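Protein chains: 2
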Amino acid sequence: MSEALTERIKELEAEVDKLRSQLGERNGAGEDMELTPHSNEITDCKPDCTSSSKKKGKKGNKDRPLDFSVHPRRHVALRLAYMGWAYQGFAVQENTENTVEARLFEALLKTRLIQDRQSSNYHRCGRTDKGVSAFSQVISIDLRSTQFCGGVGVTLPENIDVSTKNKADISEFPYVKMLNRVLPQDIRILDWAPVAQDFSARFDCQSRTYRYYFPRGSLDVTLMADAAKRYEGTHDFRNLCKMDVGNGVLQFQRTILSASVKAAQPQQDANTDQYDLFIFEIKGLAFLYHQVRCMMALLLLIGQKLEAPEIIDQLLDVQNNPRKPQYSMAVDYPLILHDCHFDGLSWKQETEEVNHILAALQQHWTQTAVKTHILHGMIKALEAKGAAPSNHCWLVEGSRCKSYKPLLERPVCESLESRIEHFVKRGRLEREEGQNGGETIHRGKRSKHSHSGSILPETSS
Amino acid sequence: MSEALTERIKELEAEVDKLRSQLGERNGAGEDMELTPHSNEITDCKPDCTSSSKKKGKKGNKDRPLDFSVHPRRHVALRLAYMGWAYQGFAVQENTENTVEARLFEALLKTRLIQDRQSSNYHRCGRTDKGVSAFSQVISIDLRSTQFCGGVGVTLPENIDVSTKNKADISEFPYVKMLNRVLPQDIRILDWAPVAQDFSARFDCQSRTYRYYFPRGSLDVTLMADAAKRYEGTHDFRNLCKMDVGNGVLQFQRTILSASVKAAQPQQDANTDQYDLFIFEIKGLAFLYHQVRCMMALLLLIGQKLEAPEIIDQLLDVQNNPRKPQYSMAVDYPLILHDCHFDGLSWKQETEEVNHILAALQQHWTQTAVKTHILHGMIKALEAKGAAPSNHCWLVEGSRCKSYKPLLERPVCESLESRIEHFVKRGRLEREEGQNGGETIHRGKRSKHSHSGSILPETSS
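Chains as they are written, first to last, in this note's numbering: chain A, 3 to 463; chain B, 3 to 463.
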């Protein structure tokens, strides 16, 4: 028995070694933004004048319980940036710890800025999926505060005689620095803002902006730019998303404020190099599940001249096209939630923190840029030897067929009505007759979130 | 006992899961060049018209022993490309299986193109270190052949009556395709060439070209380009390498045919964007251990204006500067062995193979280019918020000191003579008096490679 166990241990140890060396590059673990390479060579100077030594977190506080009830708490907004490539998405999931939110809450608990998630009054602006990054994800939450003198969003502790507390103008906790010390390197707090008690990152967001990066390849980017304009305005996007009826998403009208396709480096607009990068940038009030990736998928088909730009208008015409044709959405890693906009917030940036983040991003960029150019050099050399470039579009999931089938000739997915019926039968949704003979549908008794109330759109992509 | 083993297994399984999710992105494992993303979404077409299905290797031959003695064998050159970032170097090592050579020999054995390494008459053009890539690494080796009719480099089997064999013009084994099927995706055979029996990839190489990619940052690339020229010619490079005296490398004169610093994209020469990439390209007959990385380190110091270009001439002047100052070499991942040149070889390319490699490189490039641009977008946005870029040079190992110490004022490493003495004392080198009172030094009885004979330069970097 133990021989079999020993064998299994050897197997697993070999697997761990192999995976570690595949993570290989010195910055492998979790796309580490800040790791300085080890060196066995003599360095330029003595080891103790290292400028990027990891700062240690608070020591010795772990075991001493903290009485949160005697501290002020304040409602704040936190702005996060993260590289989503190593995570299973933003939102906490049952089957994995490897989400951005899980890491965020670990940090909030470790720094004792919150007591627990449930009581922290937490809202998030959007969910991003596995592989999707963010430069401006915003959350709102109650954090422990130093401000016995009160302030925007501050709640003083009950039953404490605050007059005995020093009310001099003491600084707030350096939230950004405290959290960045303990967060993984590929998740960073950019800044924070004091907010009123009733502020919600989810409901008070004025607009959300996504970017999708893609190489020109053999795409007609001018056609794509024209097509993108057709997304602007208020439309029913049920054919350009993954319907999430079971979770109570029943209406699919969304407003797109702007949609564009432009070169990443402005001077390259006039070029025709297939290795130039372009950005599909889209700004809207709120988005449906996988909406941006479906919109991008259509643009890629248009760019490959497999569909005409009119296909967008046709799929937005849900009267004539009530059911979504089967097509793959665009892959995840080029997508980034670039901005979540809130009016009237006073973001408090800690200059040193932001400089650290910039330095770390530059280091990471250096590695990926160098590798990108090495690969490009190999590609150019092979092309010089006569190799023929593939026209395959690498940004769409799944394989490529030799014969293309137009979207409107394809099998279609279930209609909205059919899906509603499915969940009504299972008790997850309930129909209710209104006074004037109309009908409303809301979450049923068997819904995961079985509370009545209006159905609000999920915001994610 | 088995409870402890079971615990260990659980630990290891958790570690494997964690590492796998860190490798996260669908193309994580070993920088996979050819993996098509999985999709749970409906794809554009039926699953069975996939165009990039993995081809299966020979089935059922594994257990049937092959009698190599009845087959012709031929001496060939194979040209390899590999992404070195996930490997512990090219050369086989005692403490790890994770080398390019180990994978190569696994493939040669699996395809039964060789019987074993020892009898395969194997030479390699150069060794590349951990993290270093290659576009044109060349090896020479004896492979099994179909050519009973003989040919360049072909040895017919002894004791076989070849007259009974079909001597019609049958094709040679498709070496490239056979090996690429079983090699990991980040190691590819580009082509092969028939060579004479006495050809050696190591000794017959006319020149080797390396490239080192780096971002402009705040470097003075014009100064670096001027400085690079000083490397050209024949010089003693003992101060610009890691001396490998223990392995018998005793003379450090090497010839550099050309050395240049140029923009990766030619039109960017006139720009000043710190995010433009440049290439240090260097062509020489043979190189010492870590030579290119030391040369690059000096150029980086010159580019940062911490040293004058004359430092190169001074360090090449071993009369006046016989001992190497302590300095770090440049990091590994930007370095690639770009070309190994051999006169008069007739490289046999298999068009389909080369197209596959190009497609795979394009797919990989797409991922790294997209990530690079996402990071660049974040950097630009942070700079717009007022973050100050760091001047740290990310390409040198070790930390950066606030106060720079000029090379010629630093502590120096051991001299060549002192190192020789060290190994002579230990029996790994032996001094021998020549007839005219001169002295030669050769590998001693205790050397790892204890055979007498002239000491030839190791070629690696």
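Do not rely on the hints blindly, as some may be mistaken.
You can't tell identical chains apart in this list, so a pair holds if it fits in one copy or across any two.
To be verified - Lysine-lysine pairs mimicking DSS-like chemistry, simulated, CA-CA at most 25 Å apart:
| # | residue 1 | residue 2 |
| --- | --- | --- |
| 1 | 387 | 350 |
| 2 | 307 | 350 |
| 3 | 285 | 231 |
| 4 | 350 | 382 |
Please keep in mind that the hints were generated in silico from the structure rather than gathered at the bench.
Here the structure is a predicted model, which is why all the values come from computation and not from measurement.
Results of checking the hints against the structure:
1. In this assembly of identical chains, residue 387 and residue 350 lie within 25 Å of each other by CA distance solely across copies; the values are 12 Å between and 55 Å within a copy.
2. For the homomeric pair residue 307 and residue 350, neither the shortest alpha-carbon distance inside one copy (47 Å) nor that between copies (37 Å) is at most 25 Å.
3. With identical chains, the CA atoms of residue 285 and residue 231 are at most 25 Å apart within one copy only, with a shortest distance of 12 Å there and 51 Å across copies.
4. Proximity of residue 350 to residue 382 under the C-alpha cut-off of 25 Å is restricted to the inter-copy arrangement: shortest distance 19 Å between copies versus 46 Å within a copy.
In the structure shown, a violation is registered for the earlier hint numbered 2 alone.
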